[in-house]
Amino acid sequence: MKNLALLLSKIEYEVVIGSVDKDISTLVIDSRKAEKDSMFICIPGFKVDGHSFAKDVVEKGAGTLVIENEVNVGELVSINPSLSIIRVKDARYAMAYISAAYYDYPADSLKVIGITGTKGKTTTSYLVKSILEKSGFSVGLVGTIETIIGDEHIKASNTTPESFLLQGYFRRMVDSGIEIVVMEVASQGLKLFRTEGFKFELGIFTNLSPDHIGPNEHESFEEYAECKSRLFRQCKVGIVNADDDNLLKIIKNHTCSLQTYGFNKEADIYADNLELMDEPGKLGIAFDVKGDEKLHVEVSTPGKFSVYNALTAISVCKYFNVENSVIIDALKSISVKGRIEIVPTPYPITLLIDYAHNAYSLESILTTLREYNPKRLVCLFGCGGNRSKDRRYEMGEVSGRLADLTIITSDNPRDEEPQAIIDDIKIGMAKTTGKYVEILDRKDAIRYAIHNSKPQDIIVLAGKGHEDYQEIKGVKYPMDERVLVREILKEN
2 MKNLALLLSK IEYEVVIGSV DKDISTLVID SRKAEKDSMF ICIPGFKVDG HSFAKDVVEK
62 GAGTLVIENE VNVGELVSIN PSLSIIRVKD ARYAMAYISA AYYDYPADSL KVIGITGTKG
122 KTTTSYLVKS ILEKSGFSVG LVGTIETIIG DEHIKASNTT PESFLLQGYF RRMVDSGIEI
182 VVMEVASQGL KLFRTEGFKF ELGIFTNLSP DHIGPNEHES FEEYAECKSR LFRQCKVGIV
242 NADDDNLLKI IKNHTCSLQT YGFNKEADIY ADNLELMDEP GKLGIAFDVK GDEKLHVEVS
302 TPGKFSVYNA LTAISVCKYF NVENSVIIDA LKSISVKGRI EIVPTPYPIT LLIDYAHNAY
362 SLESILTTLR EYNPKRLVCL FGCGGNRSKD RRYEMGEVSG RLADLTIITS DNPRDEEPQA
422 IIDDIKIGMA KTTGKYVEIL DRKDAIRYAI HNSKPQDIIV LAGKGHEDYQ EIKGVKYPMD
482 ERVLVREILK EN
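In my numbering, the protein residues as written are 2 to 493.
In the EDC-like style, the derived pairs of lysine to aspartate or glutamate whose C-alpha atoms are separated by at most 20 Å in a straight line are:
no.: 1; residue 1: 319; residue 2: 180
no.: 2; residue 1: 266; residue 2: 294
no.: 3; residue 1: 237; residue 2: 109
no.: 4; residue 1: 427; residue 2: 417
no.: 5; residue 1: 61; residue 2: 24
no.: 6; residue 1: 432; residue 2: 395
no.: 7; residue 1: 112; residue 2: 180
no.: 8; residue 1: 61; residue 2: 76
no.: 9; residue 1: 3; residue 2: 24
no.: 10; residue 1: 474; residue 2: 417
no.: 11; residue 1: 61; residue 2: 36
no.: 12; residue 1: 266; residue 2: 246
no.: 13; residue 1: 135; residue 2: 152
no.: 14; residue 1: 48; residue 2: 31
Computed beta-carbon distance windows for the label pairs:
no.: 15; residue 1: 21; residue 2: 391; range: 45 to 53 Å
no.: 16; residue 1: 291; residue 2: 24; range: 53 to 61 Å
no.: 17; residue 1: 474; residue 2: 50; range: 21 to 29 Å
no.: 18; residue 1: 490; residue 2: 291; range: 42 to 50 Å
no.: 19; residue 1: 432; residue 2: 281; range: 28 to 36 Å
no.: 20; residue 1: 281; residue 2: 483; range: 13 to 21 Å
no.: 21; residue 1: 46; residue 2: 492; range: 42 to 50 Å
no.: 22; residue 1: 47; residue 2: 221; range: 13 to 21 Å
no.: 23; residue 1: 416; residue 2: 109; range: 38 to 46 Å
no.: 24; residue 1: 50; residue 2: 222; range: 26 to 34 Å
no.: 25; residue 1: 475; residue 2: 46; range: 16 to 24 Å
no.: 26; residue 1: 46; residue 2: 333; range: 38 to 46 Å
no.: 27; residue 1: 221; residue 2: 24; range: 43 to 51 Å
no.: 28; residue 1: 246; residue 2: 280; range: 29 to 37 Å
No wet-lab data here; the hints were simulated from the structure. By construction, the Cβ of each residue, glycine as well, lies at the ideal position given by its N, Cα and C atoms.
Can you make the complete structure from the sequences, with help from the hints?
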């Protein structure tokens, strides 16, 4: 049992009816899990409003409701005369602090590293986790692909989980002996207060470009940037990309101390003397780290963004006094699922999978791969249904401009017709002189890419990344590109 007054001790609230001098049995945000003496937080969601379940949970025995909007107090009290109803200004904000208290403030016993930015969050989080573990730390992870607690891997539904779930993960991590947590902090997570209720040890900023702007996300780029900036009012130390054009937006009103990284020689650590490493089936980059740290590193993934990811990881790991030798060895071999992930083939080509699913990220990876002077640069991609058509036009134009051959196919058509999405992509392609083929079925498209490859080609399967499904008409069908490649290779 938990004391209600203690759970509410760090937020402002109004007692509509009842008392806070009572105990609760469980804290729930899913009405189906309500039971006798539960506290139920009514969250106004995008599709469903938790206030509509108030009567249902009280009938199940819930003894406390936390509300943001109006409920029928008389009706509810007639069901449970000892009911307490607590009004707060923002239910999600309150939930973060209540959840932290409910789980006895587990983040206070952890060093939590939060990584925000448009690109690089996932790769950087795995880099940091791997290096810190090689140095002897016990490290948990919360991110786009999964949450990792010891040997347990929990598939993610949101990049940054709801605060109640996140605090529960933290509690389990503390109980299992984890010392450090690396987590991706999405702009939506910050906007919806999922990371309130605790302080980050480190806040990391990778980069910022327009994304996630639209219904149910962010109304403008300015709001998107402002939400990202909140991390640097919730951390002790900020580690930020000195080269990013939007850096000042991110550190505006920051309350943390700052460290910088980048190519800018004024940064605290910076990269110099870049050298591409290139052979079929293997792409990488080597460089010197200068400034406050001095070391030479080789990274097993290509491009300038790989340098940024490595610099970020180095900055974080040096904060924890990791030896240079550990960092150097780790960066040579680390790969992240769906992030510039090279897939072995018996052919003299380089085939890789990447999560690039918007124009910015697609242009970034294609520009990077072009630097390796392939015989041909082949880009296979599609666009998701129920999403902005502008993304389709933009991605078509980017691929048409930068790839020698574009293979247009399907990628989570959802409720739309796949051919209609392809037709939209072709509108963007038409602005270029790029060559393309359209193949509706993604496996057939990958088969075409492999069977029609030429020596020294670089082929990128863009958009799916770590995803192992194809979403069609509300159903997620199993589809993992790694499996598809293996199946295609076995056909020969």
